[in-house]
Structures are given as structure tokens and as C-alpha cells.
Amino acid sequence: MDDYNDTAVITSEGLQCLIEALLNRSYQVVGPQIRDQAIVYDTLTDIDQLPQGWSDEQDGGHYRLRPRADGAYFGYAVGPHSWKRFLYPPHQSLWQANKDGDRLYFKDERPDPPRFAFLGVRACELNAIAIQDRVFMGDAYSDPDYQARREGTFIVALNCSEAGGTCFCASMACGPEVKTGFDLALTELLNEGPHRFLVESGSPAGLEVMAELPRRNTTRADLQAAWAVVENTRRSMGRTMPDTDIPALLLDNLTHPRWDDVAQRCLSCANCTMVCPTCFCSTVEDSSDLAGTTAERHRRWDSCFTADFSYLHGGSVRQSTRSRYRQWMTHKLATWVEQFGSSGCVGCGRCITWCPVGIDLTEEVRAIHDTSPKGKGEAR
Amino acid sequence: MNRPGRKPRLAVWKFASCDGCQLSFLDCEDELLDIAGAVDIAYFPEAMRGPIRGTYDVSLVEGSITTAGDAKRIQRVRQRSRTLVTIGACATAGGIQALRNFADIDAFVNVVYASPEYIATLATSTAIADHVPVDFELRGCPINKVQLVEVISAFLCGRRPVTPAHSVCIECKLRGTVCVMVAHGTPCLGPVTHAGCGALCPGYNRGCYGCYGPKENTNLPALSGQLATLGMTRPERLRFYRSFNAGAAPFQEESQRHES
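These protein sequence lines are chains R and B, in that order. Each step along the first sequence adds one to the number in numbering that gives the first Met the number 0, with nothing skipped, and position 83 is 82. Each step along the second sequence adds one to the number in numbering that gives the first Met the number 0, with nothing skipped, and position 44 is 43.
What the hints contain is simulated information worked out from the structure, not anything from laboratory work. Incorrect hints may appear among the rest.
As the list claims (entries may be wrong) - Label pairs and their computed distance ranges (CB to CB):
#, chain 1, residue 1, chain 2, residue 2, range
1, R, Arg24, B, Gly230, 43 to 51 Å
2, B, Cys156, R, Ser322, 30 to 38 Å
3, R, His194, B, Arg238, 34 to 42 Å
4, B, Glu258, R, Gln146, 52 to 60 Å
5, B, Ala102, R, Cys280, 29 to 37 Å
6, R, Trp94, B, Arg233, 35 to 43 Å
7, B, Gln255, R, Ser309, 28 to 36 Å
8, B, Arg238, R, Gln263, 20 to 28 Å
9, R, Gln223, B, Arg238, 57 to 65 Å
Said to hold, decoys possible - Taking lysine-lysine pairs in the BS3-like style, the calculated list, with each CA pair at most 27 Å apart, reads:
#, chain 1, residue 1, chain 2, residue 2
10, B, Lys13, B, Lys144
11, B, Lys71, R, Lys98
12, R, Lys98, B, Lys144
13, B, Lys71, B, Lys13
Said to hold, decoys possible - Beyond 12 Å from chain B on every Cβ pair, some chain R residues (computed):
#, residue
14, Glu12
15, Arg84
16, Ala262
17, Ser315
18, Gly340
Quick reminder that beta carbons are idealized off the backbone N, C-alpha and C, glycines included.
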């Protein structure tokens, strides 16, 4: 056990003190709240802004808020937003250039990024952040803006007390229990005693914040209740990914008829890639003013489902929906492993829920697995 | 592409249309002086008097072809224009008036006009590209003035305009808008519609009306299936596809599939 690892129990009053302790440290606190009939992530200053007493109903292409009677603050699964929109914003200016006579002057100074404190980061999302850390900072070439945002971030993680209808983190070994990569971790306890939170510190900064909260010592009963919450969530996953060597299965089946089948249903609208917490692809766009004296280059989220994304000299190399879907899924679940050392999927289920036509990647993998001519995905 | 010492000559032409796209040009209030400084606005009936004859470096063409006279006039516009850019749904897909393509034009004329014998019109409303080669199509009903300024700026420095052909869904996700179809059950054309408006309607909790026409690589039949699941009837779906871009091929084909 590290010397910064400690536990305590707080009430909802302590949760408010936690938000205030983070605000006092000049963090922008970002957490869940209800907007346009969904639970999204935005800045907050008070626990009254949290979606207390709400849950969600999720299925392929379907999301609805549902009230719950127990007053839980975190009694729902992940929504349409992920933390990537804060660490890796959808739009970013990269540089500007000004022309003065025949000379060009480049400027790439960027303002210091905000310091975020994320409240309620699920295990799947911690894994997604760890994956994007490897993508953006994992080798000699790091993304300076991502790195600055990431290094300034304080993470309050959350053990899930509710699995959504499209959740499958358990079968991706990415949850529901948070294990590492947080400053503080909460478990909301509603049973066997008053409404309370078990708090665990995972860093010196977390321990320091925890020490400021009104709290009591942890009992064996608290720890058992917290364990029971996670186990219950683990048993109630809405989806499962087939337990097989998925990279081998997919790469052995690049001509499987299921790719044609899914292409019939897929809109190539790119929603799955936009909501995915690990998808990191972007494009750059240039703009210039009417006078021709200033120009700017921006980075914007892009998707392997667009034609422009695979445009090389002469045209797009992935014209068909079949080729785009196959590229996305084989990268996410197979070639990602050799590229970054892990699967690109954390089992959050967003791509299933937010697909307008409800395409379910676990079902697509299962269909290929169950009908694979190579004997149900045995190793190549 | 610009000759030294001379500003590029720009013309704005009107065919069958409501003038809304030309008005988007005049809506560029903050940029209008810059535009006038960068190009010579040589022909623009909406904003000035007296046509100027000659040739044009860039022509912005609004409206669709609905008369025999306009079918000839667009040929002359093309001959006078080095670069021809169509602006808006009428010019790129035939506009709302392309609804006539699915009906009997004589029946319409007899019902609408007191003296039908004075009306000389074609049976169809068609896109400019059906008549002459088009160098660039700017989508929208009406066009987005920011995109119009982008097209002119790009033309001036000889680069490709940034007007992505992907779905409106991407614009929703970039701005963080909650999906109205998934979270509210609201029918939406966003997944098959070309971006450009910045996801205006979903931003106000409305479904997309498809003002920018089909995106690249559409799959209308798959969307129809989901719209049916959301409770939209077959006649409702047919009308959903028949609005400002009824004449755009993917929308036209899917609406016709709903006729039988």
C-alpha cells in the first residue's frame, strides 16, 4: 500500500466540500448534469447541479432518462459526452500566419489550458483516458496541448453502482471497479446505513484534498457495502463481448459476409467515432481572410467513416460503407493492440446507444464469431 | 488565377429561386466591405442597378432551371464565367419547386393561375449541374453566409474551400448537442444530410430538415427503417424526404420507393 492510499467515509455534505476544495485550488470542476434530456458533462459548482434521483435506460439507438426513488447522485451509466472533449477538444487552433509585404510571420502561442477537476470518472473512462495518454504522450512525439491539459487534471473517479443497458466493461476487463489512475475514488453507498460515499485516495494530491473533508473512519461494513455495489454492477452488464481472441477472429475474417450485412444498416454518419472515448482521429483545416493577409490552421475531430478522411492523391481509398465500418472495427478491436498495446475498446457502450440505427459492435463480433469459417475464431 | 492589377470580377445570377441565398450574401454585413475590396462585384441585380456586360472570373448562381428561356440563359452564363459556383438547394438540387417533378405540371398551372395560357414553364425543375458543368456547389436552403465567405476567400487564394460533405451528426457531436433521435425519439435527417448549417435545428431540439441535401455516401433505406421504428408512417416519411432537396438523387429515390 502506497503512503498516499487511505480511505474515509463522507456524506453529501462532504461531497459539496469536495467540490469547494477543488474550486479553492482553482480547478474548473466538470461533472455530470442534465441537459436536453440526457446526462452530459459540464462545469459545476454545487452538488445540486448533479442529476440526483435520475437514472437512464439505454439500448441500441435508444437513451431515455428515468427517475429513481433512492436519491442517488450517480445512479446512471455514461451519457453522450466523454472526457475527451475536455482533454482533446473538438476544435483547436494550431497556428496563425500574418503576411506583411512579402514576409510571413507565424504564431503558434496558445493560451494556458484550463485546469480541470473531473467528478465522476467511471472505470471504463479511466481506461479510455489511459489509452489516449498512450496515443498522445506514449512515445517521443507528444501532443503538447493534450499533455498540458492532462497533467493539470485532477480526477475524482467513481465505482459504478449501475450498469447501463449497453455497458460491457466487465468483458473488456475495464471495469466496473476503478483500480488506478485517479486522485480520489468514490463509491456511492445507499444500503446498510445512511446515504454516504466511501472515498479512496490514489495520489498525494488526492490525500491532501481528502484531509480537508468532514469525514469519518471507514468500517468493515462500509468496505463490504462498497464491494457489493461493484459486484452487483459487474453482474448486471447489459452486453458482453464474446470471450475469444478478437484480433485473430477479425483479421482472419476480413472477407466475412457480415461486413456486407452491417454495411446495409450503417449510415456512415460517424456518431460511433464521435462518442467513442478513445477515437482520436482529427483533420486539419486551413482558413484565410478575404484580404489574403492572415491564415489559420485548425484541428478538428474527424472520423474514419467520412470519405475525406481516407482521401489520398486521386480519391478516397475507402469509398464503401463496408470498408469504413471494417476499418473502424478492426482498428478498434484488433490492430489497435499491436499499435498501442491494448484493445481500443473499453466497453462503455456509447457507440451502441448513440448509433441512430442501434448497430451493436458486440453483436457484430458475435455474428462473425458464431459463423466464422475458420472454426469460431481459433488462433491463426 | 488573378491578373495583376485587376480585381477578380464577380457576378451573382438568379434563376428560379426565392432570392434567399443572394440575401445571405447581403447578410455578410461585417465582411461585405472586405468582399467589395477583394473582388469587383460586376453583376448583382439584387444589390445594384444596371447589368455590366463582359466576362466574369467567378459567377455565383442561385436558382434552378424551370423555363426554356432559363435553360438557354444558363449556357450564356457558363460561357461568360471562368469559375461557376452554384449556391443553395435550388441551384444544386432543383429546390422546393422540384416537387413538380413528381406531379402533373399542367394540373398545377390550371389550379394556380387565373390565365394558365400565359404560363410557359418546363415540366421539371432541375439543378444547374444538369445543364452546364459546375466548378463548385455550395449547399443549403439558404446557404450559410460563413460558408459563402469561405468559398470566396478560398477562390481568391486558389485553395479548396472547407465545406465538408460529412453528416450533420458530426456537427452535433462537435458542438456537444444531445442526439434528438436517440435521446428524444425525434425523427431527424441529420445522419443522411450534408453538414454546413452547424446543426442548427438539433441545437434547438428539432430534427434536421435536410436543408443541405444528401451527404456523401448516404444510406436512406436504413434511416427509413429507423424512422418507422420511431413511429413515422410511410406517407410521413415520403413527405420528410420531399422538401428543399426533393430532387437530389438519394432523397428522390427513397421518396419514390415510398410511393408504391
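Beta-carbon spacing of B/Glu258 to R/Gln146 - inside the hinted bounds 52 to 60 Å or not: For R/Gln146 against B/Glu258, whose Cβ atoms are near 57 Å apart, the range 52 to 60 Å holds.
Consistency of beta-carbon spacing, R/Gln263 to B/Arg238, with hint 20 to 28 Å: Holds: the Cβ-Cβ distance is about 25 Å, inside 20 to 28 Å.
Distance restraint hint 43 to 51 Å, applied to the beta-carbon atoms of R/Arg24 and B/Gly230: holds, 50 Å
Distance restraint between B/Lys71 and R/Lys98, which requires alpha-carbon spacing of 27 Å or less: violated, 44 Å
27 Å limit on alpha-carbon distance, applied to hinted pair B/Lys13 and B/Lys144: With a Cα-Cα distance of about 17 Å, the restraint between B/Lys13 and B/Lys144 holds, given a limit of 27 Å.
Range hint compliance [Cβ, B/Gln255 to R/Ser309, 28 to 36 Å]: holds, 31 Å
R/Gly340 and chain B, when compared Cβ to Cβ, separated by more than 12 Å: holds, 28 Å
Whether R/Ala262 stays farther than 12 Å from all C-beta atoms of chain B, as the label says: violated, 8 Å
Range agreement (Cβ of R/Ser322 with Cβ of B/Cys156, hint 30 to 38 Å): With Cβ atoms ~34 Å apart, the hint holds.
Cβ separation of B/Ala102 and R/Cys280, checked against the hinted range 29 to 37 Å: violated, 45 Å
No chain B beta carbon within 12 Å of R/Glu12's: At about 31 Å from chain B, R/Glu12 clears the 12 Å cut-off, so the statement holds.
Range hint compliance [Cβ, R/His194 to B/Arg238, 34 to 42 Å]: Once the Cβ atoms are compared, 51 Å apart, the range 34 to 42 Å for B/Arg238 and R/His194 is violated.
Hint compliance for this structure: hints 3, 5, 6, 11, 15, 16 and 17 are broken, all remaining hints hold.
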